[in-house]
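Participant: Letter by letter, the chains look like this.
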Amino acid sequence: MSMSSLRELSLLTKDRNELIDITVRVQKIIEESGIKEGIAHVFVPHTTAAVTINENADPTVQTDIISYLEKLIPENANFRHTEGNSDAHIKSSIVGAHVTLFVADGHIVLGTWQGIYFCEFDGPRSRRVIIKILPDT
Amino acid sequence: MSMSSLRELSLLTKDRNELIDITVRVQKIIEESGIKEGIAHVFVPHTTAAVTINENADPTVQTDIISYLEKLIPENANFRHTEGNSDAHIKSSIVGAHVTLFVADGHIVLGTWQGIYFCEFDGPRSRRVIIKILPDT
Amino acid sequence: MSMSSLRELSLLTKDRNELIDITVRVQKIIEESGIKEGIAHVFVPHTTAAVTINENADPTVQTDIISYLEKLIPENANFRHTEGNSDAHIKSSIVGAHVTLFVADGHIVLGTWQGIYFCEFDGPRSRRVIIKILPDT
Numbered sequence: 001m002s003m004s005s006l007r008e009l010s011l012l013t014k015d016r017n018e019l020i021d022i023t024v025r026v027q028k029i030i031e032e033s034g035i036k037e038g039i040a041h042v043f044v045p046h047t048t049a050a051v052t053i054n055e056n057a058d059p060t061v062q063t064d065i066i067s068y069l070e071k072l073i074p075e076n077a078n079f080r081h082t083e084g085n086s087d088a089h090i091k092s093s094i095v096g097a098h099v100t101l102f103v104a105d106g107h108i109v110l111g112t113w114q115g116i117y118f119c120e121f122d123g124p125r126s127r128r129v130i131i132k133i134l135p136d137t
Numbered sequence: 138m139s140m141s142s143l144r145e146l147s148l149l150t151k152d153r154n155e156l157i158d159i160t161v162r163v164q165k166i167i168e169e170s171g172i173k174e175g176i177a178h179v180f181v182p183h184t185t186a187a188v189t190i191n192e193n194a195d196p197t198v199q200t201d202i203i204s205y206l207e208k209l210i211p212e213n214a215n216f217r218h219t220e221g222n223s224d225a226h227i228k229s230s231i232v233g234a235h236v237t238l239f240v241a242d243g244h245i246v247l248g249t250w251q252g253i254y255f256c257e258f259d260g261p262r263s264r265r266v267i268i269k270i271l272p273d274t
Numbered sequence: 275m276s277m278s279s280l281r282e283l284s285l286l287t288k289d290r291n292e293l294i295d296i297t298v299r300v301q302k303i304i305e306e307s308g309i310k311e312g313i314a315h316v317f318v319p320h321t322t323a324a325v326t327i328n329e330n331a332d333p334t335v336q337t338d339i340i341s342y343l344e345k346l347i348p349e350n351a352n353f354r355h356t357e358g359n360s361d362a363h364i365k366s367s368i369v370g371a372h373v374t375l376f377v378a379d380g381h382i383v384l385g386t387w388q389g390i391y392f393c394e395f396d397g398p399r400s401r402r403v404i405i406k407i408l409p410d411t
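Chains as they are written, first to last, in the working numbering: chain Y, 1 to 137; chain R, 138 to 274; chain X, 275 to 411.
Among these hints, one or two may not hold up.
Claimed, not checked - One side only, chain R facing chain X, incomplete, derived with CB under 10 Å: (1) Leu146; (2) Leu149; (3) Asn154; (4) Gly233.
Unchecked claim - Chain Y stretches covered by chain X per the calculated footprint, using a threshold of three residues with CB under 8 Å from any CB of chain X: (5) 41 to 55; (6) 85 to 99; (7) 103 to 111.
Keep in mind the hints are simulated off the structure, nothing from the lab.
Glycine included, each C-beta is placed from N, C-alpha and C at the ideal position.
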């Protein structure tokens, strides 16, 4: 196994719309890799979910993000896709399927208030997050 | 030529707003590079276009994304920029100009329903997509 | 110091909502690194700011982006977070905290009209941008 092979997280989401803090789990994968300096790429292989970085302190921030996205892109907005989850697809493209993180001294480089959040927009479901950590050369 | 030099796709878009599936063309460039394990960076050098990952099965998802973005950010929303394409610039920043993909065993790592889409927001035009594939070290 | 260590920009923003062109400063950091071919990752370690690529010519484009985001996600939209900056957190997740740039022949690869913009959504403040430049191997 090369140092930069793919790792994976499994998640069980509980609500239709939900932010789940995965910072500690991503950090653990970095530690297991043994890589001290590099880049960690976090990728969501789903089209009705996303990943973002946002505030890890006051949980009302996460509530506000989820609620306002629901207001901006409502579940029933006269969409053509008959599965009833077009709102989730749109949110996925707006928030994005990946984040890029710096690794320094074995730790994710994040601002004081930053955490990494898996964004569920069409749960509850079983979900995956794929992580690739690349060491500096 | 180094293994990680830049490659390019050319596109002719047909509508003002359009999603174009470029998954097969990106995969072909990866194959031509000979890189089996690595990262593929896809970058759009335009300010009224974007690139995203979303559902590749039911085409009504693509229609819903395009239509709802038009509703959210209308073409004529009392903008100051006189070229009449401020909506396209805003969509470009919201969706984003690049995606990062994992390459494993010579193939893009994508979820079952994921495809890579060039997003035209101010077409029809001739457009470019720049791709850089980096092998694992 | 390895060639791929972290560099940093400091910014003083002047308005609550503001786009600041950092293209020249990012280019200068690339030149100082001595790296000719590679990737430049630009990361914002804040949860009420972002970084994006957009038009560098007509400044009304920047005004339109800022103004329309304020209209789409107003400062006082009945949020639960009591600090009064939930709009800024939402914009941060929608625009995103990082951009990935190609470096070729010592220069950032950008389209004719593209510039790199720090996005302030809860200023005025003192802000940081972290940059990591990775040479091709």
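Participant: Are there at least three residues in the region 41 to 55 of chain Y whose beta carbon sits under 8 Å from a beta carbon of chain X?
Facilitator: holds (count 4)
Participant: Given Leu146 of chain R was flagged as interface, is its beta-carbon under 10 Å from a beta-carbon of chain X?
Facilitator: At 14 Å from the nearest chain X Cβ, Leu146 of chain R fails the 10 Å test, so the hint is violated.
Participant: Can Gly233 of chain R be said to touch chain X, with a Cβ gap under 10 Å?
Facilitator: holds (6 Å)
Participant: At least three residues with a C-beta closer than 8 Å to a C-beta of chain X: is that true for the region 85 to 99 of chain Y?
Facilitator: holds (count 4)
Participant: Holds or violated: Leu149 of chain R as interface residue toward chain X, Cβ cutoff 10 Å?
Facilitator: With a closest approach of 17 Å, the Leu149 of chain R hint is violated.
Participant: Does the closest beta carbon of chain X sit nearer than 10 Å to the beta carbon of Asn154 of chain R?
Facilitator: violated (17 Å)
Participant: Would you say the region 103 to 111 of chain Y counts as covered by chain X, given the rule of at least 3 residues with C-beta under 8 Å?
Facilitator: As far as the region 103 to 111 of chain Y goes, the hint holds, because 4 residues have Cβ atoms under 8 Å from chain X.
Violated hints, listed in ascending order, are 1, 2, 3; each of the other numbered hints is respected by the structure.
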